[in-house]
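Please build the complete structure, drawing on both the sequences and the hints.
Line order of the protein sequences matches chains A and B.
If you read the first sequence in the UniProt record's numbering, its first letter stands for residue 1, the second for the next number, and so on.
If you read the second sequence in the UniProt record's numbering, its first letter stands for residue 1, the second for the next number, and so on.
The hints are simulated quantities; they were obtained by calculation from the structure and are not laboratory data.
Don't be surprised by glycine CBs; every beta carbon is placed ideally from N, CA and C.
Heads up, some of the hints might be wrong.
Some but not every residue of chain A turned toward chain B, in silico, with C-beta under 10 Å [what the hints assert, rightly or not]: (1) Ser73; (2) Thr96; (3) Asn100; (4) Pro129; (5) Met130.
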Amino acid sequence: MTDTPTAADAIAAQAASHPEIRPFWQAAAEGRFVLAFCTACGKPHWYPRAICPLCGHGGIEWRPASGRGTIYSVSVLRRANPPYALAYVTLEEGPTMMTNIVDCDLDELAIGQPVKVALRRQSTGLTVPMFTPQ
Amino acid sequence: MTLKGKAYIAGAYEHPTRHAPDKSTALLHAESALGALADAGLSLSDVDGYFCAADAPGANPLWMADYLNLRLRWLDGTDAGGCSYLTHVAHATAAIAAGHCDVALVTLAGRPRSEGVSIGVNPRAAAPDRPDEPWETAFRPNIAGVYGLFARRHMLQYGTTAEQMAWVKVSASRHAQHNANAFLPKVVTVEDVLNSPVIADGIHRLDCCVITDGGGALVLVKPEIARSLSRPLVRVIGTGETVWTQDGGYGDITRTGAEVSGPAAFAEAGVTPADIQYASIYDNFTIMVLMQLEGLGFCAPGAAGRFAAEGNLIAGSGRLPWNTDGGGLCNNHPANRGGMTKVIEAVRQLRGEAHPAVQVPGCGLALACGPGRVLGSGHGHATVILERE
Ligand SMILES: [Zn+2]
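Now the structure itself:
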């Protein structure tokens, strides 16, 4: 019995209900942040889907993302213990995603600030894309 | 086919409780149903259409239909979050227009207060098979934090200020002081709002709505039945609904589905925002009211903060008397789904039954609208326009 599931267990559990996004979690566990690009319209979208939500095409390709973006909005949850930063980050590639900003001075965060991806292993065993000031 | 005038709201009832530890959710639905039917002068045996969202015990209206022993020809369990009951007004009108039913009952109830749901503080749980679940839950978005994101972006993009947002709460509290059932009847000032603790950056405690137990119900009927009842005639003349998606990550969180549902309702009704004499606008957070005022066309994008700060939402002096029951911010937010109370106060205004201190003289045209679920990850929005005949 373990308190923290292994990455493989967590990816398998996620894939049980969302099998088509397994490649994202596999890449994240290996330290790579990838985006789903449509093979027809060429655009990346967020959150990742196996059918492009922008044009309806049923083909995507997982490509490495730059990991760079800017804060589109940020709100620090002051009542949480400890407080943490909920944010939307607009990726260099185009789409905006919900995330957390970590390893930072929470009082210094600002909209428009450049950030870079910081993949973080969760207690669930999954590695998720958070961001930190560049 | 236009739905204009095809159905009337003959009964409306807001459950007076704000805390019901000794009542089940089913009982609150039933008491609300009976209240609205009594208001209309009808009974359970008259009901042949039933509309209820996932606040129904068992998340399905079938169980409440059985509990109430309804004899139905039409059932609709559409769930679009807190705006479901506004959507149900449109769906019931369509069902009546099509002849699917003659007397439609819509109910809402819930007991988040008794169940100790700390909606505003704890991260929101999502069903594991929701497609967006893996991309949100890990980041612990709680409802105040998410609205903080909208508020901060709106502030940056348009120069909206915390003081302007506070005026929304101040306006609601001026109205709530006259409502004996209001959960927060005390008048507050802009300073009170700004001095209340910051829950999430962009959101003070007093920018948030209340969490209450309670319920409400509506009865919609076909025109012939409405005219046979001894109630003021309030007819549905415009409806609109939408789902405003997160657009694959290319959306703008300062905009809402009010941009779709509002114009659809105005077009069907054949009226413009300038014609509206009273507005119920869903107020789960103060920023949401400003965003909807802009989406509906009452204000230009970015201008709603100034509009609110000029006192325009206050009954008796403002240009757009709004949420005269005190709204979700001060009166009641039953089951964390405020769409129902929006319709009920609009009906009170059109009947001339609002509190005299906040009643709009000769109110003939009212709007009710609201969002459902959470902005940013795909939210519903619905608008209805009602007219006193
Ligand atoms: Zn595409």
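For each hint, the structure was consulted:
1. Ser73: Holds - the Cβ of Ser73 of chain A comes within 10 Å of chain B, reaching about 4 Å at its closest.
2. Thr96: holds (5 Å)
3. Asn100: Holds. Min distance 5 Å.
4. Pro129: holds (9 Å)
5. Met130: holds (8 Å)
Of the numbered hints listed earlier, not one is contradicted by the structure.
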